[in-house]
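Chemist: Here's the letter readout for the chains.
2 protein chains.
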Amino acid sequence: MRIAQVAPLWERVPPPGYGGIELVVGHLTDELVRRGHDVTLFASGDSQTLAQLESIAPRALRLDPSVKEPGVYDLMQLQRVCQRAQDFDLIHFHTGFTALPFADFAKTPIVHTIHGIFTADSRKIYQQHRDQNFISISDAQRETDLGLNYISTVYNGMAIEEYPFKAKPHNAPYLAFLGRLSPEKGPHHAIAIAKKTGWKLKMAGKIDRVDLEFYEQEIKPHLDGDQIEYLGETTHEQKVELLGNAAVTLFPITWREPFGLVMIESMCTGTPVLAMNLGSVPEVIAHGKTGFVCNNVDEMVEALPKALQLDRQTCRDYVVSRFSVNRMVDDYELAYQKAIAESMNRNGRVSSGQLVA
Amino acid sequence: MRIAQVAPLWERVPPPGYGGIELVVGHLTDELVRRGHDVTLFASGDSQTLAQLESIAPRALRLDPSVKEPGVYDLMQLQRVCQRAQDFDLIHFHTGFTALPFADFAKTPIVHTIHGIFTADSRKIYQQHRDQNFISISDAQRETDLGLNYISTVYNGMAIEEYPFKAKPHNAPYLAFLGRLSPEKGPHHAIAIAKKTGWKLKMAGKIDRVDLEFYEQEIKPHLDGDQIEYLGETTHEQKVELLGNAAVTLFPITWREPFGLVMIESMCTGTPVLAMNLGSVPEVIAHGKTGFVCNNVDEMVEALPKALQLDRQTCRDYVVSRFSVNRMVDDYELAYQKAIAESMNRNGRVSSGQLVA
Numbered sequence: 001m002r003i004a005q006v007a008p009l010w011e012r013v014p015p016p017g018y019g020g021i022e023l024v025v026g027h028l029t030d031e032l033v034r035r036g037h038d039v040t041l042f043a044s045g046d047s048q049t050l051a052q053l054e055s056i057a058p059r060a061l062r063l064d065p066s067v068k069e070p071g072v073y074d075l076m077q078l079q080r081v082c083q084r085a086q087d088f089d090l091i092h093f094h095t096g097f098t099a100l101p102f103a104d105f106a107k108t109p110i111v112h113t114i115h116g117i118f119t120a121d122s123r124k125i126y127q128q129h130r131d132q133n134f135i136s137i138s139d140a141q142r143e144t145d146l147g148l149n150y151i152s153t154v155y156n157g158m159a160i161e162e163y164p165f166k167a168k169p170h171n172a173p174y175l176a177f178l179g180r181l182s183p184e185k186g187p188h189h190a191i192a193i194a195k196k197t198g199w200k201l202k203m204a205g206k207i208d209r210v211d212l213e214f215y216e217q218e219i220k221p222h223l224d225g226d227q228i229e230y231l232g233e234t235t236h237e238q239k240v241e242l243l244g245n246a247a248v249t250l251f252p253i254t255w256r257e258p259f260g261l262v263m264i265e266s267m268c269t270g271t272p273v274l275a276m277n278l279g280s281v282p283e284v285i286a287h288g289k290t291g292f293v294c295n296n297v298d299e300m301v302e303a304l305p306k307a308l309q310l311d312r313q314t315c316r317d318y319v320v321s322r323f324s325v326n327r328m329v330d331d332y333e334l335a336y337q338k339a340i341a342e343s344m345n346r347n348g349r350v351s352s353g354q355l356v357a
Numbered sequence: 001m002r003i004a005q006v007a008p009l010w011e012r013v014p015p016p017g018y019g020g021i022e023l024v025v026g027h028l029t030d031e032l033v034r035r036g037h038d039v040t041l042f043a044s045g046d047s048q049t050l051a052q053l054e055s056i057a058p059r060a061l062r063l064d065p066s067v068k069e070p071g072v073y074d075l076m077q078l079q080r081v082c083q084r085a086q087d088f089d090l091i092h093f094h095t096g097f098t099a100l101p102f103a104d105f106a107k108t109p110i111v112h113t114i115h116g117i118f119t120a121d122s123r124k125i126y127q128q129h130r131d132q133n134f135i136s137i138s139d140a141q142r143e144t145d146l147g148l149n150y151i152s153t154v155y156n157g158m159a160i161e162e163y164p165f166k167a168k169p170h171n172a173p174y175l176a177f178l179g180r181l182s183p184e185k186g187p188h189h190a191i192a193i194a195k196k197t198g199w200k201l202k203m204a205g206k207i208d209r210v211d212l213e214f215y216e217q218e219i220k221p222h223l224d225g226d227q228i229e230y231l232g233e234t235t236h237e238q239k240v241e242l243l244g245n246a247a248v249t250l251f252p253i254t255w256r257e258p259f260g261l262v263m264i265e266s267m268c269t270g271t272p273v274l275a276m277n278l279g280s281v282p283e284v285i286a287h288g289k290t291g292f293v294c295n296n297v298d299e300m301v302e303a304l305p306k307a308l309q310l311d312r313q314t315c316r317d318y319v320v321s322r323f324s325v326n327r328m329v330d331d332y333e334l335a336y337q338k339a340i341a342e343s344m345n346r347n348g349r350v351s352s353g354q355l356v357a
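These protein sequences, in sequence, are chains A and B.
31 is the number that this note's numbering gives to position 31 of the first sequence; each next residue is one higher, with no gaps.
36 is the number that this note's numbering gives to position 36 of the second sequence; each next residue is one higher, with no gaps.
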């Protein structure tokens with residue numbers, strides 16, 4: 001199958017550090033190539049891929065100080081995709097609402113994976129294009145009142161082999177936090193849990209400009225370089241090290257997380273997860289087996305001793321069976337076939353209508 | 001002719017206060033209707049127009065606190081224009097670079113008026129679509145290295161009758177400044193000129209969020225409620241009052257102004273203009289007759305006594321002959337005919353090419 005994957009330009013594929021969407025797009029793209037598909041990846045020029053790379057920006061916009069209006073490049077990339085639409089059997093957009101109006105102009109079957117959440121503004125444009133083909137990354141992510149034409153839920157998959165299993169963490173035990181240092185991800189809750197339990201906490205993740213004030217006020221004052229530590233943005237190796245050697249990973253979110261890649265990354269290394277009961281969390285964690293789904297910070301503090309007793313191999317096996325790249329790509333291939341079949345049916349219907357008229 | 005006018009959604013048409021683009025779109029649209037054209041105006045739902053109003057947002061985005069992602073609405077409007085493209089003989093975009101990729105999908109002849117300046121980012125997307133039909137609002141606004149297909153320069157026009165001539169200002173004499181309180185418009189220079197000459201200065205215009213720090217540091221400390229006064233955003237009546245009763249209007253810009261509507265508004269009421277020699281300024285002011293084109297603040301201070309001697313009726317007549325709505329709409333009608341003729345030629349060439357092949 002000739003497939004186009006369209007990634008956001010903000011971060012490269014795969015991302016050097018944090019960047020959930022681009023990581024998933026990278027795994028999906030490379031595995032599709034390994035399975036014999038003819039894949040073109042639309043992404044920033046510094047991306048690394050087994051597919052053919054088509055790029056209108058030499059490097060990730062986030063890292064290019066000359067870029068002030070990223071929207072310009074999003075439009076240029078979408079335009080390029082449309083120009084080449086006839087070269088593909090299917091186009092898979094990962095770029096959010098901006099792709100919606102363009103998708104109307106292409107005759108090629110199209111699917112959109114919605115990686116984020118809906119905002120009060122974006123709801124309106126999604127609703128206007130509700131008949132296009134959408135894929136959710138968890139059931140919890142769907143907002144049913146929008147009436148979107150969801151053709152599948154495909155849980156994100158990860159490269160299991162890149163997250164070696166740690167049967168027993170070798171360092172002094174600590175709690176881990178990984179993710180943007182933003183209110184939604186709850187790093188302030190992680191600090192509260194560490195302080196209430198006396199555990200050491202190691203945190204890593206990027207700080208977006210919009211979150212600088214939050215970081216200065218809620219996080220930075222607690223960084224003592226001893227009990228509470230911030231490691232900055234991590235490489236993949238540092239991430240695996242951080243998660244695999246943790247006793248427990250904290251996922252104390254305050255928003256409806258659409259998926260939460262960090263949870264499976266942690267479980268894959270063997271480390272159980274204490275997570276807040278919001279969004280996709282109950283779909284991703286096997287409560288009482290690979291972690292605990294809690295309703296507030298106090299419950300998380302209370303569950304910590306039980307989490308320490310969980311079997312690390314069980315955490316690992318659970319991810320292998322449910323969240324591998326192979327399973328994700330199986331699911332996406334099915335979704336692509338569904339979108340193509342529906343498109344042929346629709347065109348068939350139009351033709352017969354024309355014959356009757 | 002069936003014409004679509006596409007305005008930005010940020011401000012309504014016409015704007016209640018400041019808003020150069022929306023003011024020009026309003027005059028152009030209404031005059032085209034008066035001349036018998038069938039005109040549809042795509043703009044915010046609170047716009048007032050003689051044309052048919054087509055709107056995807058109930059009110060100007062700037063005034064709607066629920067709007068966090070204005071880009072969503074820009075895309076929704078462009079999508080609506082494309083859906084209706086076949087209803088028009090010509091589509092006239094005033095919405096900047098976002099319209100460019102959409103214009104490629106429409107078969108209807110299209111013109112873009114570029115109202116603003118090029119940025120390092122937007123240059124790239126304009127260049128990618130350089131063969132579309134562009135209209136500049138001054139010769140100075142063109143950046144020739146981009147190689148854009150400019151089909152005309154059309155100076156902005158204004159409704160002369162809405163700016164009554166003041167043969168003699170009746171109040172205590174003062175200098176006027178009208179425009180965004182941003183570094184580009186030079187309100188800090190206006191204050192410097194007032195302080196150096198001892199003249200009273202009355203300033204009006206909006207303060208954008210991005211300019212708040214500039215306002216707090218460079219403007220607010222000088223507002224003494226006596227010599228230096230800031231009137232906030234003005235209604236049309238207040239604007240006419242402010243300009244018409246001024247001895248001289250200051251236009252001490254620090255950027256390459258693409259047009260500078262305030263200069264003609266002022267001259268129309270009879271008030272000459274002292275302006276900085278940047279961008280369109282020498283095209284808009286008749287040096288030594290309707291104002292003075294200066295190269296720095298000191299030259300403006302020096303020219304002030306000479307500006308006070310200029311004939312107010314000459315200022316008025318100059319605007320009537322060069323910057324009326326009628327003259328602007330004459331020019332746009334010619335540009336539309338040119339775009340339509342070129343489009344027919346192009347399609348004609350394609351057809352004969354096909355016949356030969």
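FYI, nobody ran anything at the bench for these hints, they're computed from the structure.
Keep in mind it's a predicted model, so treat the numbers as computed, not measured.
Any given hint could be a false lead.
Because identical chains cannot be distinguished in the list, a pair is counted as satisfied if it fits within a single copy or across any two copies.
Lysine to aspartate or glutamate pairs mimicking DMTMM-like chemistry, simulated, CA-CA at most 20 Å apart [said to hold, decoys possible]:
id, residue 1, residue 2
1, Lys-338, Asp-311
2, Lys-68, Asp-208
3, Lys-68, Asp-311
4, Lys-68, Asp-121
5, Lys-196, Asp-38
6, Lys-68, Asp-211
7, Lys-107, Glu-342
8, Lys-195, Glu-229
9, Lys-124, Asp-64
Chemist: Taking the hints in turn, state whether each one holds.
Modeler: Consistency of the hints with the structure:
Taking the shortest alpha-carbon separations for Lys-338 and Asp-311, neither the intra-copy value of 39 Å nor the inter-copy value of 76 Å comes in at or below 20 Å. Within a single copy, Lys-68 and Asp-208 get their C-alpha atoms as close as 15 Å, and across copies as close as 18 Å, so both meet the 20 Å cut-off. In this assembly of identical chains, the alpha carbons of Lys-68 and Asp-311 never lie at most 20 Å apart, being 48 Å within a copy and 45 Å across copies at closest. For the identical chains of this complex, Lys-68 and Asp-121 are inter-copy neighbours only, at 7 Å across copies versus 22 Å inside a copy, given an alpha-carbon limit of 20 Å.
In this homomeric assembly, Lys-196 and Asp-38 never come within 20 Å of each other (Cα to Cα): the closest approach is 53 Å inside a single copy and 71 Å across copies. With identical chains, the CA atoms of Lys-68 and Asp-211 are at most 20 Å apart both within one copy (18 Å) and between copies (16 Å). In the homo-oligomer, the alpha carbons of Lys-107 and Glu-342 lie at most 20 Å apart inside one protomer (13 Å), although the nearest pairing across protomers, at 28 Å, exceeds that limit. In this assembly of identical chains, the alpha carbons of Lys-195 and Glu-229 lie at most 20 Å apart only when taken from the same copy (12 Å versus 54 Å across copies).
Within a single copy, Lys-124 and Asp-64 get their C-alpha atoms only as close as 31 Å, which misses the 20 Å cut-off; across copies the closest is 15 Å, which meets it.
In the structure shown, a violation is registered for the earlier hints numbered 1, 3 and 5, in ascending order.
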